[in-house]
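Undergrad: Those protein sequence lines, which keep their order, are chains X and U. If you read the first sequence in the numbering used here, its first letter stands for residue 1, the second for the next number, and so on. If you read the second sequence in the numbering used here, its first letter stands for residue 1001, the second for the next number, and so on.
Just so you know, these hints were derived from the structure itself, not from any lab. From a predicted model like this one, the values you see are computed outputs, not experimental measurements. Don't be surprised by glycine CBs; every beta carbon is placed ideally from N, CA and C. A hint or two may mislead.
[Unchecked claim] Across the chosen pairs, the derived CB separations fall in these ranges: (1) U:Glu1418 with X:Glu95: 15 to 21 Å; (2) U:His1417 with X:Glu243: 28 to 34 Å; (3) U:Asn1070 with X:Pro123: 25 to 31 Å.
[To be verified] Non-contacting residues of chain U with respect to chain X, defined by C-beta distances greater than 10 Å in every case (computed): (4) Ile1036; (5) Glu1045; (6) Met1445; (7) Gly1449.
If you want the building blocks of each chain, they are given just below.
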Amino acid sequence: MSAGEVLLEVRGLHASVAGVEILKGLDLRLCAGEVHAIMGPNGSGKSTLSKVLAGHPSYTVSAGEVAFRGIDLLALEPEERARQGLFLGFQYPVEIPGVSNASFLRLAYNTVQAGRGGEELDPLEFDDFVRGRMQLLEMDPGFLDRDVNEGFSGGEKKRNEILQMALLDPLVAILDEADSGLDIDALRIVSKGISALRAQHNAVLLVTHYQRLLDHVVPDFVHVMSEGRIIRTGPRELALELESRGYDWLTGAAAA
Amino acid sequence: MSTAALQSLVNQPYKHGFVTAIESDVAPRGLSEDMIRMISHKKQEPDWLLQFRLDAYRHWLTLAPPQWANVRHAPIDFQDISYYSAPKARPKLASMDEVDPELRRTFERLGVPMHEQAALAGVAVDVIFDSVSVTTTYKARLAEAGVIFCSFSEAVREHPELVRQYLGTVVPPADNFYAALNSAVFTDGSFCFIPRGVRCPMELSTYFRINTQESGQFERTLIVAESDAYVSYLEGCTAPRFDTNQLHAAVVELVALDRAEIKYSTVQNWYAGDENGIGGIFNFVTKRGLCWGTDSKISWTQVETGSAITWKYPSCVLLGERSVGEFYSVALTNHHQQADTGTKMIHLGRDTRSTIISKGISAGVSSNTYRGQVKVGPRAQGARNYSQCDSMLIGADCSASTFPYIDVQNASARVEHEASTSRIGEEQLFYFASRGVGAEEAISMIINGFCRDVFTQLPMEFAVEATKLLGLKLEGSVG
Ligand SMILES: Nc1ncnc2c1ncn2[C@@H]1O[C@H](COP(=O)(O)OP(=O)(O)OP(=O)(O)O)[C@@H](O)[C@H]1O
Ligand SMILES: [Mg+2]
């Protein structure tokens, strides 16, 4: 994969949940080496887009197509998408009682590694590996022994998502509000984690409400989403403008 | 019974599954004193045992099936069941090679490579096939240690004084409806006696099989560990598929004398009926252990995955001072299965202790009930109990209930109860999927985590089997 190559191409995507259409003709293109930000009012469909791309079974796609590295993403099972290099950092990560974080992370790592013909790690090797990654994210190794996300604070859950991204080393990472609920230090650390992933061969899609994350992880493009569509795309300065002016001037324009 | 009648009984077509074509000796349906006399006669039993059966039968006639359990089924017609079936020729075999090839094929189709398994694992396997023991291996090694491990019928013949001394002491014939029925009509089972001071040199394992359509199965198991003896006993079950409900009402009695320990593990995987709830075994079991001696210990570990209906409460009566009772259980229900299971810990002696760890997993439209009783008698000074009952629901249409009954009559007792319920839903599975992990593997990981405290109590090879079994049972139940 070289810089500039198209990694993810979304065309005319319509999707609904519980019989309600949420995405109404969405277009988006991510190329290798790029960071994109998606902003937009609450309920505009940002998380819906993220989950549709990752393959959440509750959502149905009624029209449009998505090519991921040239293949039909929508034809793949969600686990297959992950094995092919797609990653979703959840806005609200679920708790999985009874499953230790360490064994969950290792299973995920080995499954994705197996999918791309990489080397799998035994528990001891993995322990070294994961501790290294945790150190970068200034995470206490104690999180390995706890059950997945169980009782984690909001910020801790988000860091655990970034840890998973760092372990799985995806080609396209979609991070749904990776920055919400983080304190100032955590925001810096999470930003560091995202920046560390950033490379010429991959792409990042950041869903966010605030400029502050984008101060640390500078996007190449900023998209504004409203009522299930991208209504404006611009350079990083667009985010600054949104911060001062809000969305009315754009959504009003869209309605007109 | 004429040969022709027998043949037509044996050769009834089966809508599902398979049945071995081994010639069976099947009694006509129905229960009466004559039938009981016939069973006792066929088994060439002593008079006292016939009397035991008849007393139980007469008492049974005065009882009605219990209604309190949280299970639903059409009334059982006890006159529509055949109470005796045995392979016609009773081979006395020195090795598995001599076993009827047809029978061996059945075992293979059940996925029980028992010949090799027994040899490799060093496990003595007492094979129960249609109520009659066909073969017993590893007898010599056990005999050397002084351990008696044989079929119940053999025990009645060879060690009548032991059987007579202990039979019915833990589960009296009048205990409950199904125990009374079992006491009247039991055909075979296992007997195990570990003499004073002996540590049984190997795990004892019995594979129960039910093979003949509509022949009720009434197993009787008796295990006695004398002072300072130890035994670990494993029981595993798989049944071929068939179409009509089949009643199973076993009785298991354990007796532990001073400082003796009995570990009784079960992996139960009987036919549970199909996805629509048609067919399957009715499993109404009475299992009870008596910690008779001081410092004695009885542990029940069970992994219950089968049967259409399960009604089962392995219990401990803690009579001896400082005796210990334990109950570790995983009960899984899927599709239309119903399980009402749990335990009773009856503290009678001073400083007795008990632990209850129950993990219920429900999937499909099944219902899974934990029912547990902790009773502390007035003389059980310093008794302690800890109970933990966790339920896991898979999907939205199943149910779980917990009924703990606590009855404490001694103020110095300490009884603790904890409970939790969690649900595996679409969101958890999607979380796994988004990390590359498919639903089956995700469920297996969640279930293993959930059941860890119980699986660690199982002998190693059983733990592996149990893990696989749960995965298999939940296949396709989510996503
Ligand atoms: N299961 C559902 N049933 C009905 N409506 C739903 C369902 N799930 C989501 N929606 C609706 O879809 C719309 C888009 O939701 P989505 O979570 O994608 O918004 P968002 O842009 O991520 O918002 P936020 O910024 O608040 O995270 C919302 O109006 C939401 O109520
Ligand atoms: Mg959202």
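Undergrad: Now tell me, hint by hint, if it's right for this structure.
TA: Okay, the hints, checked on the actual structure:
1. U:Glu1418 with X:Glu95: 15 to 21 Å: The hinted range 15 to 21 Å holds for glutamate 1418 (chain U) and glutamate 95 (chain X), with Cβ atoms some 19 Å apart.
2. U:His1417 with X:Glu243: 28 to 34 Å: 54 Å, violated
3. U:Asn1070 with X:Pro123: 25 to 31 Å: 41 Å, violated
4. Ile1036: At about 49 Å from chain X, isoleucine 1036 (chain U) clears the 10 Å cut-off, so the statement holds.
5. Glu1045: The claim stands: glutamate 1045 (chain U) keeps its Cβ more than 10 Å from every Cβ of chain X (closest is about 50 Å).
6. Met1445: Given a closest Cβ separation of 6 Å, the condition is violated.
7. Gly1449: Nearest chain X Cβ is 3 Å from glycine 1449 (chain U), so the label is violated.
The structure fails hints 2, 3, 6 and 7 (numbered hints given earlier, in ascending order).
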